[in-house]
Amino acid sequence: MAQTQVQAAPGISSNKIVPEAAREGIDLEINGKRFRHTGDAHMPLLWYLRDVLQLTGTKYGSAQPGNGADLVLVNGKAVSAITVPMKDLADKKVMTVEGLASADGKLHPLQQAFIDEDAIGCGYCTPGWLIAAKELIDRKRDPSDSDIDQLPNLCRCGCQTRVRRAIMRAAASLNGGQA
Amino acid sequence: MNGTGGLSRRGFLKVLAGSAGALVVGMPFEAATAADAPLPLAFLGDTLYGLGVYVRIDADGNVLIGARDPDSGTGNATTLPRIIADELDADWQRVTVVPLGLGVENGNGEANWIYGHQLDGLGTSTTAAWSDLRQVGALARWLLLQAAARQLGVPAEQLQAKAGVVIAPDGRRLGYGSLAEAAAKISPPTNPVPVKTADRYTLIGQPAGDVDAHAFVTGQARFAIDHQFGDALVAVLVHCPWPDGSLDGIDATETKAVKGVVQVLPLLPEHGQPLGSTVIAPAVAVLAENTWAALQGRAKLKLQWKPGSSDSESSAALEAHAIDLLNDKKQAPTTRVRNDGDVDAANKKAAMRVEATYLQPWLAHATAEPMNCMARIDKDRALLIVPTQAPQQAWAVVQRLTGFKPEQIEIRVPRVGGAYGRRLDHDYVAETVMLAKAAGKPVRLLWTRDEDFTHDYYRSASVHKLSAALDRKRQIISWNQRLASASARAGRGVPEQRLWTSELDVNQLPAGLLPNYRSDWYALQSSIPGGHARGMPHVNNAFAVESFIDEIAHSLKENPLDTRLRLLGQPRQIPLHGFGTTLDTERLVNVLKRVADQIEWKNWLRTVNGLGIACWHVNGAYVAHAIEASLERDKLTIERVVCAVDVGRVINPTGLEGQIAGATLDALSTALNLAITYKNGQIQQRNYKDYPLASMAQLPNSVEVIVMPGDREPTGASFLAMPSAAPALANACCNAPVAHSPLRPAVIRLRHDGRLAVMLDPCRHIVGPLPACQRRRTMASLILQ
Numbered sequence: 000m001a002q003t004q005v006q007a008a009p010g011i012s013s014n015k016i017v018p019e020a021a022r023e024g025i026d027l028e029i030n031g032k033r034f035r036h037t038g039d040a041h042m043p044l045l046w047y048l049r050d051v052l053q054l055t056g057t058k059y060g061s062a063q064p065g066n067g068a069d070l071v072l073v074n075g076k077a078v079s080a081i082t083v084p085m086k087d088l089a090d091k092k093v094m095t096v097e098g099l100a101s102a103d104g105k106l107h108p109l110q111q112a113f114i115d116e117d118a119i120g121c122g123y124c125t126p127g128w129l130i131a132a133k134e135l136i137d138r139k140r141d142p143s144d145s146d147i148d149q150l151p152n153l154c155r156c157g158c159q160t161r162v163r164r165a166i167m168r169a170a171a172s173l174n175g176g177q178a
Numbered sequence: 000m001n002g003t004g005g006l007s008r009r010g011f012l013k014v015l016a017g018s019a020g021a022l023v024v025g026m027p028f029e030a031a032t033a034a035d036a037p038l039p040l041a042f043l044g045d046t047l048y049g050l051g052v053y054v055r056i057d058a059d060g061n062v063l064i065g066a067r068d069p070d071s072g073t074g075n076a077t078t079l080p081r082i083i084a085d086e087l088d089a090d091w092q093r094v095t096v097v098p099l100g101l102g103v104e105n106g107n108g109e110a111n112w113i114y115g116h117q118l119d120g121l122g123t124s125t126t127a128a129w130s131d132l133r134q135v136g137a138l139a140r141w142l143l144l145q146a147a148a149r150q151l152g153v154p155a156e157q158l159q160a161k162a163g164v165v166i167a168p169d170g171r172r173l174g175y176g177s178l179a180e181a182a183a184k185i186s187p188p189t190n191p192v193p194v195k196t197a198d199r200y201t202l203i204g205q206p207a208g209d210v211d212a213h214a215f216v217t218g219q220a221r222f223a224i225d226h227q228f229g230d231a232l233v234a235v236l237v238h239c240p241w242p243d244g245s246l247d248g249i250d251a252t253e254t255k256a257v258k259g260v261v262q263v264l265p266l267l268p269e270h271g272q273p274l275g276s277t278v279i280a281p282a283v284a285v286l287a288e289n290t291w292a293a294l295q296g297r298a299k300l301k302l303q304w305k306p307g308s309s310d311s312e313s314s315a316a317l318e319a320h321a322i323d324l325l326n327d328k329k330q331a332p333t334t335r336v337r338n339d340g341d342v343d344a345a346n347k348k349a350a351m352r353v354e355a356t357y358l359q360p361w362l363a364h365a366t367a368e369p370m371n372c373m374a375r376i377d378k379d380r381a382l383l384i385v386p387t388q389a390p391q392q393a394w395a396v397v398q399r400l401t402g403f404k405p406e407q408i409e410i411r412v413p414r415v416g417g418a419y420g421r422r423l424d425h426d427y428v429a430e431t432v433m434l435a436k437a438a439g440k441p442v443r444l445l446w447t448r449d450e451d452f453t454h455d456y457y458r459s460a461s462v463h464k465l466s467a468a469l470d471r472k473r474q475i476i477s478w479n480q481r482l483a484s485a486s487a488r489a490g491r492g493v494p495e496q497r498l499w500t501s502e503l504d505v506n507q508l509p510a511g512l513l514p515n516y517r518s519d520w521y522a523l524q525s526s527i528p529g530g531h532a533r534g535m536p537h538v539n540n541a542f543a544v545e546s547f548i549d550e551i552a553h554s555l556k557e558n559p560l561d562t563r564l565r566l567l568g569q570p571r572q573i574p575l576h577g578f579g580t581t582l583d584t585e586r587l588v589n590v591l592k593r594v595a596d597q598i599e600w601k602n603w604l605r606t607v608n609g610l611g612i613a614c615w616h617v618n619g620a621y622v623a624h625a626i627e628a629s630l631e632r633d634k635l636t637i638e639r640v641v642c643a644v645d646v647g648r649v650i651n652p653t654g655l656e657g658q659i660a661g662a663t664l665d666a667l668s669t670a671l672n673l674a675i676t677y678k679n680g681q682i683q684q685r686n687y688k689d690y691p692l693a694s695m696a697q698l699p700n701s702v703e704v705i706v707m708p709g710d711r712e713p714t715g716a717s718f719l720a721m722p723s724a725a726p727a728l729a730n731a732c733c734n735a736p737v738a739h740s741p742l743r744p745a746v747i748r749l750r751h752d753g754r755l756a757v758m759l760d761p762c763r764h765i766v767g768p769l770p771a772c773q774r775r776r777t778m779a780s781l782i783l784q
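Protein chains in written order, with numbering that gives the first Met the number 0: chain X, 0 to 178; chain U, 0 to 784.
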């Protein structure tokens with residue numbers, strides 16, 4: 000089983016400073032916190048998040064990029080977490096749905112807009128939509144309908160019209176308009 | 000506002016036991032929670048008219064309401080508690096919704112369902128809640144008012160309850176929290192407390208978002224798939240590609256060498272052994288310490304499977320057989336479902352006959368959350384976390400496999416990631432229990448997406464042959480529907496004479512509207528397991544019937560809206576067989592007219608795009624769609640979608656709009672893109688690429704939902720908008736100007752099998768711009784999937 004720990008400061012002994020042995024592992028940042036993965040370097044990020052860190056907001060969709068339920072941001076780019084092995088994530092910054100709100104719990108405008116528009120069906124694909132939408136509005140403050148058309152997410156509950164409204168609403172709110 | 004977090008029922012009861020002064024209405028859980036006893040609270044509800052669902056008001060004024068039916072995106076977690084909260088006159092801002100697990104107790108060895116209705120699906124939750132859950136809130140309010148009356152020295156009748164506060168005529172106010180303890184000591188009345196009249200509703204009819212919205216958008220909501228027991232093994236499966244096949248060879252050497260893999264277990268139900276409600280295919284399970292190890296081990300399995308007798312079957316052969324069957328007029332149906340008047344005699348008097356054939360493919364459920372389950376089976380106790388629509392049926396599967404007493408089985412049901420009928424079957428629960436027993440450890444089972452697509456209980460393909468006779472006055476005088484499909488109930492111990500019930504609705508349009516009406520069902524045999532699918536049997540039948548009405552209109556050179564209005568005729572009530580209620584033709588006419596007005600139907604021949612319309616009724620609810628579509632080269636664009644519904648009283652307009660828009664998009668996505676096929680007895684679609692739910696770009700940017708005002712008993716709405724959406728789109732495509740021939744790719748894509756479509760297509764292919772009057776046409780049975 001893979002091991003994880005928050006990087007610790009080098010140890011200080013009572014008498015003399017002992018240089019710390021080089022440690023194996025992949026350092027990465029997830030939602031602003033630093034982690035070191037010392038397990039299988041080929042483990043996909045999805046299982047690291049879900050099984051190891053128990054960050055279960057990122058969902059299993061399928062073995063390939065599938066319904067978008069497993070989207071996360073890696074250095075700001077939305078990727079399917081099942082397709083990214085841990086070895087590719089050294090020194091990368093990952094953001095999952097759990098990292099969207101600020102530390103004091105204040106929701107991201109997208110999260111608030113999804114609540115306000117009730118852009119939720121069964122809720123399973125909601126985190127993936129939020130991540131895809133975050134990448135979009137970070138890239139383009141004023142997304143058009145055709146920008147939203149490009150989102151890779153699938154939803155069998157049929158939330159697409161409400162998701163579209165929510166993204167537009169969040170964009171308006173970010174641009175200083177009335178949310 | 001509401002957060003249920005990971006609050007388990009057990010945890011909740013501990014909280015309950017530790018806090019004094021709470022009013023609790025509902026059935027106590029002593030049997031299941033002996034460890035938490037003794038409870039210092041006076042539980043009310045032993046005489047709660049057989050209800051078990053509870054309300055709890057704490058001394059601080061917070062209100063907990065149990066949501067008894069699972070919520071798979073159907074809105075139950077919001078709708079049901081609001082029905083209670085309204086009767087209670089609770090302050091919704093202070094309500095926390097707690098999902099109730101399965102309510103079961105031991106009734107002389109038999110399961111006693113203490114919460115009554117616990118089913119998410121078939122559109123029954125709201126109607127059931129309306130008939131019994133209001134009592135829960137009403138009783139709690141009654142008790143609080145009695146307590147306030149004693150405290151204030153004012154008769155209860157003179158007191159007013161409002162948003163969690165009791166108000167006396169002189170303006171004195173008492174919060175529910177301060178009354179809870181006293182209220183808990185008052186004996187409930189022997190007769191049911193009257194429920195509110197509609198003028199006093201405060202929450203019913205008002206918009207409310209999903210109670211768990213905050214948890215969803217922050218990633219904190221936990222589905223069954225997100226739960227963990229510390230010591231649980233992860234199990235993944237490879238199923239036999241043939242439901243009736245068997246394991247012929249296994250080499251798990253490499254699998255077992257994967258770090259973290261613990262066990263490889265064949266899961267070999269005896270052929271035909273019903274573990275859930277139907278058979279399941281044999282499988283080999285890899286159990287590991289974590290998901291990644293399990294998946295690596297799974298990839299390294301070397302398995303040989305032996306096909307059963309189904310390896311010669313194909314969906315194409317089944318469809319061809321169905322068409323042959325229906326073309327042979329001498330074939331007697333398996334079941335004559337309805338036979339009003341004398342169709343044959345009427346046909347002899349016909350001035351005109353119209354006939355068409357409609358073909359629809361097999362479908363999968365493709366739930367977002369794949370099948371999964373978690374089970375801990377101890378010597379005398381089973382705990383399961385199950386994404387299910389029917390916890391009572393899940394319980395029955397566990398009971399059968401463990402032999403436990405009713406109260407020894409605990410079923411927890413978190414929010415469910417989509418269901419659409421798939422989770423009425425519990426094959427994955429049976430597998431989890433068998434694996435947990437065999438491994439001697441808790442197991443969390445995960446079906447990979449390919450297993451989910453290839454081992455579903457599918458909606459059967461169907462072939463409809465419709466014919467109608469018209470007299471010289473252009474009246475439809477007879478209607479004959481012949482349907483061939485594989486019953487969703489086959490292989491489930493359902494008597495042969497009842498197998499049609501999953502395929503046809505005895506009351507479906509235009510039954511009851513015509514003097515001579517006949518509907519026949521022809522059974523198809525398939526080894527592909529069938530199951531309940533969203534909106535069935537309405538969806539397939541509505542597509543055929545509502546497309547056919549447009550065919551009749553075309554034959555008459557009549558506006559298809561007028562054809563429908565003539566068929567529905569004067570406002571009247573038509574008895575619905577087996578329902579004790581009626582088809583109100585006026586309500587159906589009203590939804591039709593509303594969508595027609597909204598989409599400016601008067602322009603139906605003049606618009607540059609195609610307009611299509613369709614309507615349906617489901618168990619006392621009414622729906623119509625009008626759709627504007629354009630066909631340009633190989634691109635079909637859905638320009639506009641309007642949907643009007645009449646569901647009686649609306650509990651939550653926000654939730655209703657979501658269900659109506661959602662079901663509309665689901666139906667359109669299915670119609671545009673989806674088909675399951677099988678060859679050599681094996682399902683050919685293994686992932687989203689093969690079974691492409693519609694992308695954002697393919698779907699309309701909005702669905703204009705019109706809700707008819709009404710004060711009749713509320714009806715379910717979860718699939719109401721499924722049936723009429725696809726035929727409205729097909730009709731719009733038929734009405735669209737077509738400048739190329741033969742059938743353009745975008746339209747052919749609407750049919751899953753171009754060869755059959757062309758073979759069945761009786762219409763001419765038209766080239767060039769068309770005069771308006773001819774332009775609706777091209778593809779008679781534009782067999783939209």
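Keep in mind that the hints were calculated from the coordinates and are not lab data. All residues carry an ideal CB built from backbone N, CA and C; glycine is no exception. Any given hint might turn out to be false.
Cut-off 25 Å, straight-line C-alpha distance, at most; resulting in silico cross-link-like pairs (DSS-like, lysine-lysine) [what the hints assert, rightly or not]:
(1) X:Lys86 x U:Lys348
(2) X:Lys76 x U:Lys556
(3) U:Lys299 x X:Lys86
(4) U:Lys556 x X:Lys86
(5) U:Lys348 x U:Lys299
(6) U:Lys348 x U:Lys556
(7) U:Lys305 x U:Lys258
(8) X:Lys105 x X:Lys86
(9) U:Lys556 x U:Lys301
(10) X:Lys15 x X:Lys91
(11) X:Lys105 x X:Lys32
(12) X:Lys86 x X:Lys139
Sample of chain U residues lacking proximity to chain X, with all beta carbon distances greater than 12 Å (derived) [claimed, not checked]:
(13) Ser130
(14) Ala367
(15) Tyr419
(16) Thr447
(17) Arg448
(18) Arg491
(19) Arg533
(20) Glu557
(21) Thr562
(22) Lys688
(23) Ala693
Part of the chain U face toward chain X, derived, beta carbon under 10 Å [said to hold, decoys possible]:
(24) Gly204
(25) Asp211
(26) Ile224
(27) Phe228
(28) Leu302
(29) Pro306
(30) Gly307
(31) Ser308
(32) Ser313
(33) Asn371
(34) Gly654
(35) Ala660
A quick look at each hint next to the structure:
Taking the CA atoms of lysine 86 of chain X and lysine 348 of chain U, the gap is about 78 Å. The hint is violated against a cut of 25 Å. With a CA separation close to 55 Å, the supplied pair lysine 76 of chain X and lysine 556 of chain U exceeds the 25 Å bound. Our distance criterion of 25 Å between C-alpha atoms is met by lysine 299 of chain U and lysine 86 of chain X, whose separation comes to about 22 Å. Distance check on the hinted pair: lysine 556 of chain U and lysine 86 of chain X sit about 67 Å apart at the alpha-carbon level, beyond 25 Å; violated.
For the proposed pair lysine 348 of chain U and lysine 299 of chain U, the alpha carbon gap of about 69 Å is over 25 Å, so the pair is violated. Using a Cα cut-off of 25 Å, the hinted pair lysine 348 of chain U and lysine 556 of chain U holds, with the two alpha carbons roughly 21 Å apart. A threshold of 25 Å between alpha carbons decides the hint, and for lysine 305 of chain U with lysine 258 of chain U the separation of about 30 Å lies outside it, so the pair is violated. Distance restraint check for lysine 105 of chain X and lysine 86 of chain X: the Cα-Cα separation of roughly 33 Å exceeds the 25 Å cut-off, and the hinted pair is therefore not satisfied.
For a cut-off of 25 Å, the pair hint linking lysine 556 of chain U to lysine 301 of chain U is broken: about 63 Å separates their Cα positions. Distance hint between lysine 15 of chain X and lysine 91 of chain X is unfulfilled; the C-alpha atoms sit about 34 Å from each other, more than 25 Å. For the suggested pair lysine 105 of chain X and lysine 32 of chain X, the alpha carbons sit about 18 Å apart, so the restraint of at most 25 Å is met. Proposed proximity of lysine 86 of chain X and lysine 139 of chain X is contradicted: the alpha carbons are some 30 Å apart, above 25 Å.
The beta carbon of serine 130 of chain U is kept farther than 12 Å from every beta carbon of chain X, the shortest such distance being approximately 26 Å. Alanine 367 of chain U, annotated as away from the interface, has a beta carbon of chain X within 12 Å; the closest lies near 4 Å. Not every CB of chain X is more than 12 Å from the CB of tyrosine 419 of chain U (nearest about 7 Å), against its label as outside the interface. A Cβ of chain X approaches the Cβ of threonine 447 of chain U within 12 Å, the least distance being about 6 Å, so the stated non-interface status is violated.
For arginine 448 of chain U, the shortest C-beta to C-beta distance to chain X comes to about 3 Å, within the 12 Å cut-off, and the non-interface label is violated. Interface exclusion of arginine 491 of chain U from chain X stands, the closest Cβ pair being 25 Å apart, more than 12 Å. The non-interface label for arginine 533 of chain U is inconsistent with chain X: the shortest C-beta to C-beta separation is roughly 9 Å, within 12 Å. Residue-level check passed: glutamate 557 of chain U sits 33 Å from the nearest beta carbon of chain X, beyond 12 Å.
Every CB of chain X lies more than 12 Å from the CB of threonine 562 of chain U, the least distance being 29 Å, so the non-interface label holds. In this structure lysine 688 of chain U is not separated from chain X by more than 12 Å, as the shortest Cβ-Cβ distance comes to only about 7 Å. With a minimum CB-CB distance of about 8 Å to chain X, alanine 693 of chain U fails to clear the 12 Å threshold, and the non-interface call is violated. Taken as an interface hint, glycine 204 of chain U does not check out: its beta carbon lies about 16 Å from the nearest beta carbon of chain X, beyond 10 Å.
The beta carbon of aspartate 211 of chain U is positioned within 10 Å of a beta carbon in chain X (closest approach about 7 Å), and the interface hint is therefore held. Using the Cβ-Cβ criterion of 10 Å, the hint placing isoleucine 224 of chain U at the interface with chain X is satisfied: the shortest such distance is roughly 7 Å. Annotation: phenylalanine 228 of chain U was flagged as interfacial toward chain X, and the flag is violated, the nearest CB pair being 12 Å apart, outside 10 Å. Checking leucine 302 of chain U against chain X: minimum C-beta separation of about 18 Å lies over 10 Å; hint violated.
Taking 10 Å as the C-beta cut-off, the interface hint given for proline 306 of chain U is violated, the closest approach to chain X being about 25 Å. Hint status for glycine 307 of chain U: violated, given a least beta-carbon distance of 27 Å to chain X, over 10 Å. At a threshold of 10 Å, the smallest CB-CB gap from serine 308 of chain U to chain X is about 31 Å, leaving the interface hint violated. With a cut of 10 Å, the hint placing serine 313 of chain U at the interface with chain X is violated, because the nearest CB-to-CB distance is about 25 Å.
Interface restraint check for asparagine 371 of chain U: the shortest CB-CB distance to chain X comes to about 9 Å, inside 10 Å, so the restraint holds. Annotation: glycine 654 of chain U was flagged as interfacial toward chain X, and the flag holds, the nearest CB pair being 8 Å apart, inside 10 Å. A distance limit of 10 Å between C-beta atoms decides the matter here; for alanine 660 of chain U the minimum to chain X is near 5 Å, and the interface restraint holds.
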